[in-house]
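Can you build the whole structure from these sequences, using the hints too?
Chains A and B, in that order, give the protein sequences. For the first sequence, counting from 1, position 105 maps to 105 in our numbering; every step adds exactly one. For the second sequence, counting from 1, position 242 maps to 242 in our numbering; every step adds exactly one.
Rather than coming from a laboratory, the hints here were simulated on the basis of the structure. The reader is advised that the hints may include incorrect statements.
Any copy, or any two copies together, can satisfy a pair, since identical chains are not distinguished.
Unchecked claim - List of simulated lysine to any residue pairs, SDA-like, C-alpha gap at most 25 Å:
no., residue 1, residue 2
1, Lys91, Tyr178
2, Lys40, Gln28
3, Lys243, Gly118
4, Lys167, Asn92
5, Lys33, Gln66
6, Lys78, Phe124
7, Lys243, Asn183
8, Lys243, Glu184
9, Lys167, Gly212
10, Lys91, Ala79
11, Lys33, Asp99
12, Lys140, Ala73
13, Lys243, Gln180
14, Lys33, His217
2 protein chains.
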Amino acid sequence: MTNYKLTVAYDGANFHGFQRQPKLRTVQGVLEKALTKMAKGKHIEVIGSGRTDAGVHALGQVISFQYPGKLGADNMLKAVNSLMPLDVIIKNSEIVADDFHARFGVVKKTYQYRVDCGHYTDPFKRFYTGHYPYPFEVQKIETALNDLIGEHDFSSFAASGGVIENKVRTIYQATVDYSQPNNELIFEFTGNGFLYNMVRILVATLLEIGNGRRPEHDLLRLFEVKDRQEARGTAPASGLYLKEVFYK
Amino acid sequence: MTNYKLTVAYDGANFHGFQRQPKLRTVQGVLEKALTKMAKGKHIEVIGSGRTDAGVHALGQVISFQYPGKLGADNMLKAVNSLMPLDVIIKNSEIVADDFHARFGVVKKTYQYRVDCGHYTDPFKRFYTGHYPYPFEVQKIETALNDLIGEHDFSSFAASGGVIENKVRTIYQATVDYSQPNNELIFEFTGNGFLYNMVRILVATLLEIGNGRRPEHDLLRLFEVKDRQEARGTAPASGLYLKEVFYK
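In structure tokens:
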């Protein structure tokens, strides 16, 4: 058996998320079907760096799997791509040490979140951005992003239903760029881990800060109160992109 | 009653085409539902400049309809937009003479067709381009586009099932641009009318000419033979955009 690490981009608009589910079109399902076909029916189990929800996109999701025989990394790339639907591509392929594990080996991840700020959203952005047609000051959002850097308890920013007890995570980088021609806000967050819906809840809260409906340093209060009810909104899945996954 | 002319853009990926169909999500259906609601239940019939198929997009579809009362053009724009789903926007609104008719008044139309030329298509282009991952020479396509200008019998380029007897149409402009950063070919065709699937069949044939699988002047032969079997392919709906509709 050979251990492979593949970097995968996908348009999540027409997937029921990453994780395999019976009878539903999922990214893991599509990948495992292709690899199992290549392995002449022997089931290949794909490990992802983490799940992405229905409608969430990936520019650089990472997967790993054990495959019988020793296909070169390039041939693996070509073979899998030839079996992919058009909304999934393999961007990179490597043969890695047997102990590489796409989920357990993650040291940090970068998520991007794109927000269309137009008064009426561009009809071609519906599945590819969130939407915030209200006034905002980028400066206020930047102030709040500074509060985000470092180690914090993100209990206020975790969707209920998660099973993880420890909600302390470290954010290394958090930026926002306003793209004039597209009238889009582009957020990027790099951290050692993200709770369920954490980026989407953060973005909804940051937009309220930008709009002045919350004080600029409201994140500090939200870290203290540890109460999901206080953060309220969740930005839609359509704007979220898993951009990059980092390993040791 | 007041007669309105609206310019509409839509992402066709999640519509079963323009034309109203029972129980299916169509652009005409969405527009008529909104207008009928605005008119307090009085059914408003929307006339489109022409149909677009499932998956075909519009940058500038034109519709007209008679509406009770005299809402200003700007207020009509705002009211309809407030009732549109995110994948449809009204870009312009005018009050027009009673004899304006969005279909009968058309004097010419411009269609755009986008082709992703990457070896593996970008997963985010699946629903928004056609795909041609083979070599081509733009020069050959340009030569063929010159043959297209003028009045021709397009019988070889009409999908069967059409009911129109006269298949002579005039093409005023036909261009192709290769966009380096996106690795896309962008075709534009302006003509006094287009038969069913005509643009998509033309694009498939033009790509074969660009690739060298057909002689550069094969269009001239295809105009002569008047045989759909000779043109063969049909480029996918996903790359087609109704760009502009012109009236007297």
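Checking an output row: Lys78 and Phe124, CA cutoff 25 Å. Within, between, both or neither? between (30 Å within a copy, 19 Å between copies)
Could you place Lys33 and Gln66 in one of the four classes (within, between, both, neither) given a Cα distance threshold of 25 Å? within (14 Å within a copy, 53 Å between copies)
What label fits Lys243 with Asn183 when the C-alpha limit is 25 Å: within, between, both, or neither? Both. Shortest intra-copy (21 Å) and inter-copy (22 Å) distances satisfy the 25 Å Cα cut-off.
Is the C-alpha distance from Lys167 to Gly212 at most 25 Å within one copy, between copies, in both cases, or in neither? Result: close neither inside a copy nor across copies, 27 Å intra and 60 Å inter.
Within, between, both or neither: Lys33, His217 at alpha-carbon 25 Å: neither (48 Å within a copy, 44 Å between copies)
Given a CA cutoff of 25 Å, do Lys140 and Ala73 count as a within-copy pair, a between-copy pair, both, or neither? So Lys140 and Ala73 fail the 25 Å test inside a copy (46 Å) and across (37 Å) alike.
Intra- versus inter-copy proximity for Glu184 and Lys243 (alpha-carbon distance at most 25 Å): Intra 17 Å, inter 24 Å, cutoff 25 Å: intra and inter.
Could you place Lys167 and Asn92 in one of the four classes (within, between, both, neither) given a Cα distance threshold of 25 Å? neither (32 Å within a copy, 49 Å between copies)
Copy assignment of Lys40 with Gln28, given that the CA separation must stay at most 25 Å: within (18 Å within a copy, 48 Å between copies)
What label fits Lys243 with Gly118 when the C-alpha limit is 25 Å: within, between, both, or neither? both (24 Å within a copy, 21 Å between copies)
Alpha-carbon proximity context of Lys91 and Tyr178, limit 25 Å: The answer is between: 24 Å across copies meets 25 Å, while 27 Å in one copy does not.
As a check of your reading, is Lys243 near Gln180 (CA-CA no more than 25 Å) within one copy, between copies, both or neither? Classified as both: same-chain Cα gap 22 Å, cross-chain 24 Å, threshold 25 Å.
In summary, the numbered hints that this structure violates are 4, 9, 12 and 14.
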